[in-house]
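Sequences listed follow chains G and Z, in order. With the first letter of the first sequence counted as 1, position 188 gets the number 195 in my numbering; the numbers rise by one all the way through. With the first letter of the second sequence counted as 1, position 48 gets the number 247 in my numbering; the numbers rise by one all the way through.
Among the hints, a few may not be true.
Unchecked claim - Only some residues are given here: those of chain Z computed to face chain G with a beta carbon under 10 Å: (1) F263; (2) G264; (3) N265; (4) F266; (5) G267; (6) S270; (7) P310; (8) K317; (9) E372; (10) I374; (11) Y375; (12) I376.
Said to hold, decoys possible - Just a sample of chain Z residues kept apart from chain G, beta carbon distances all over 10 Å, derived: (13) Y248; (14) L326; (15) I344.
If you're looking for bench data, these hints aren't it; they were derived computationally from the structure. On a predicted model such as this, the values are computed, not experimentally measured, just so you know. Glycine included, every Cβ here is placed at the ideal spot set by N, Cα and C.
If you want the building blocks of each chain, they are given just below.
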Amino acid sequence: MMKKLFFILYPFALLSLTIFSYFFIDSNLTYLKDFYSGFAYKHRYSATFFYLLILLIFFTLYILLLKLISKKKIDFKDLRYLIFITIALLLFSYPAMLSFDIFNYISTSKVLFFYYENPYIIMPIEFAGDPLLSFTHASNKIALYGPSWILISAIPYFTGFGNFIVTLFSFKLFVSMFYLGTVFLIWKISKNLVYVSFFAFNPLVIIETLLSGHNDIVMMFFSLFSFYLLMKKKIIIPAFIFFIFSIFIKYSVIFLFPIFIYIILKTIRKQPIDWKNIFYFSFLLMAGAFILSPIREEIYPWYAIWFLPFISIVFQKRTLVYISVALSFGLLLRYVPFMLFGTHFGVTPFLKISVTLTPVFFVLIYVFLRDKLWLKIFSR
Amino acid sequence: MAQKKFKMIRYFWIPLLTLSLFKIFTNVSFAQSNYVLPYPPPMPGSFLYKIRLLSEQIQQYWYFGNFGQFSYNLKQSDKYLVQAKTLFEYEQYLLGEEALKKSDMYFKNSPKYLGKAKEENKNIDRLQKILKEAASKHIEVLNEIKTHVPEEITWSPEKSQPVKIFLRNKLTEAIYIRQSCL
């Protein structure tokens with residue numbers, strides 16, 4: 008019964024999110040002017056209400072799915088189908104609903120592959136009259152990403168054949184493939200459907216990767232792939248190349264470098280490796296990178312993708328799992344203040360911090376009380 | 200009472216008046232262009248100069264593309280102009296003249312790359328404006344140098360004939376190169 012309900016509600020939720028994303032089309036995005044309604048900007052309260060409702064539905068379905076899988080009511084085949092429809096339906100969503108980063112990816116690759124200029128020196132804004140400038144938010148900045156990302160972004164850029172809409176969706180498809188790859192690697196490493204689902208259906212992962220098309224998943228795929236090569240195949244050089252490649256996508260995986268060197272040393276010495284601990288420490292280091300990110304700018308919700316693949320593999324650490332889910336929810340709530348007030352100033356920064364930490368705080372209280380109660384019962 | 204009041208006013212007005220006059224007279228600026236030249240780079244003879252030359256060679260490839268090459272050449276021209284100015288100030292005329300020659304060469308290259316960018320249908324209005332500002336700043340500096348360098352110098356290398364270098368002519372030539380971009 009619950010399974011049936013899930014299989015009806017989940018595609019419906021995905022479809023709702025896809026349709027809802029089009030309410031956020033920028034008025035300057037002339038390529039999609041036929042879909043422009045201005046709803047999210049004219050009816051801020053309603054848009055925020057619908058966003059919160061969608062979040063609640065997604066998190067409820069997520070927990071329900073994890074329960075169904077742990078009770079073995081959903082098998083491998085079902086999961087494959089669910090992953091497929093998640094990708095397929097969100098592929099057609101409007102990617103700049105919550106973040107404009109996908110436009111930055113396109114404009115950066117255009118600087119290199121269309122104008123043949125170095126994106127680390129020449130900013131997109133230098134190309135006066137380029138139609139991308141009217142809606143790209145970071146056009147006054149040189150390339151923000153590593154050279155590995157800029158190089159591989161040639162694939163979605165050229166498969167767009169110079170058409171903006173095709174390019175936009177080919178970037179989304181490209182990122183989706185890395186999502187699929189990461190999910191596959193988690194499966195290959197853990198061989199556990201719950202662990203895979205914990206990552207694959209986390210609403211934050213889905214929204215930030217399949218809807219917004221953030222490239223953090225590409226970085227995590229390559230670093231996880233390098234770990235996988237060392238774990239299963241024991242091949243050092245390709246693993247090292249892929250790891251370095253992942254560092255030069257977005258730099259933050261450099262935090263994993265000590266662990267990576269440790270694995271290589273252990274592999275060379277043919278000593279046994281405690282992979283559970285490796286993934287646990289990888290989680291801690293990437294969580295550290297996440298916590299330190301405000302030093303550079305601010306904590307963005309999609310930065311959670313840096314540590315979520317690792318916590319999925321060490322799913323036994325239940326407290327951390329609960330905190331990760333709560334943080335995923337809190338991070339997605341960070342969009343609410345801006346959605347509601349339309350400004351990044353005033354009370355917005357304070358609210359962003361508050362909504363991020365509140366769910367985590369509640370989880371910590373729950374964990375504390377649970378442990379205390381458990382101890383009380385146990386001591387009796 | 201009135202005297203006390205006058206004293207109070209004096210304490211307020213005199214510093215204010217002094218500050219205002221200071222502000223008025225020190226605000227006089229002789230700069231004609233808002234274009235900002237870089238700090239003097241490492242000079243010939245220092246170890247850092249060799250590193251600088253190597254980095255310039257590498258940067259030549261890093262600044263690919265016509266906009267990139269424009270930026271590279273203009274940046275180089277700025278740097279060598281500042282180098283020439285510093286060396287002339289220290290009466291190192293020969294080295295100064297060499298730096299000026301390099302600055303001229305790089306400056307001549309800059310509009311070439313703008314032309315190529317235009318052929319690629321890139322909008323060059325902004326960069327053309329920058330080039331003009333740079334040219335006028337360069338002319339300002341070159342005119343300033345002209346006032347304190349000798350008309351000509353004679354350089355006597357160890358194993359060859361002495362050579363006369365017409366410094367002011369070289370500076371006039373450099374000004375002509377820049378004027379063509381105005």
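Against the structure, the hints come out as follows:
1. F263: With Cβ-Cβ at 6 Å, under 10 Å, it holds.
2. G264: Given a least distance of 3 Å, the restraint on G264(Z) holds.
3. N265: Holds - the Cβ of N265(Z) comes within 10 Å of chain G, reaching about 7 Å at its closest.
4. F266: 5 Å, holds
5. G267: With a closest approach of 5 Å, the G267(Z) hint holds.
6. S270: Holds, because the Cβ-Cβ distance from S270(Z) to chain G comes to roughly 6 Å (cut-off 10 Å).
7. P310: 17 Å, violated
8. K317: 12 Å, violated
9. E372: Result: violated, 30 Å to nearest chain G Cβ.
10. I374: 29 Å, violated
11. Y375: 29 Å, violated
12. I376: 25 Å, violated
13. Y248: 24 Å, holds
14. L326: Answer for L326(Z): violated, closest chain G Cβ roughly 8 Å.
15. I344: 30 Å, holds
In this structure, the hints that do not hold are numbers 7, 8, 9, 10, 11, 12 and 14, in rising order.
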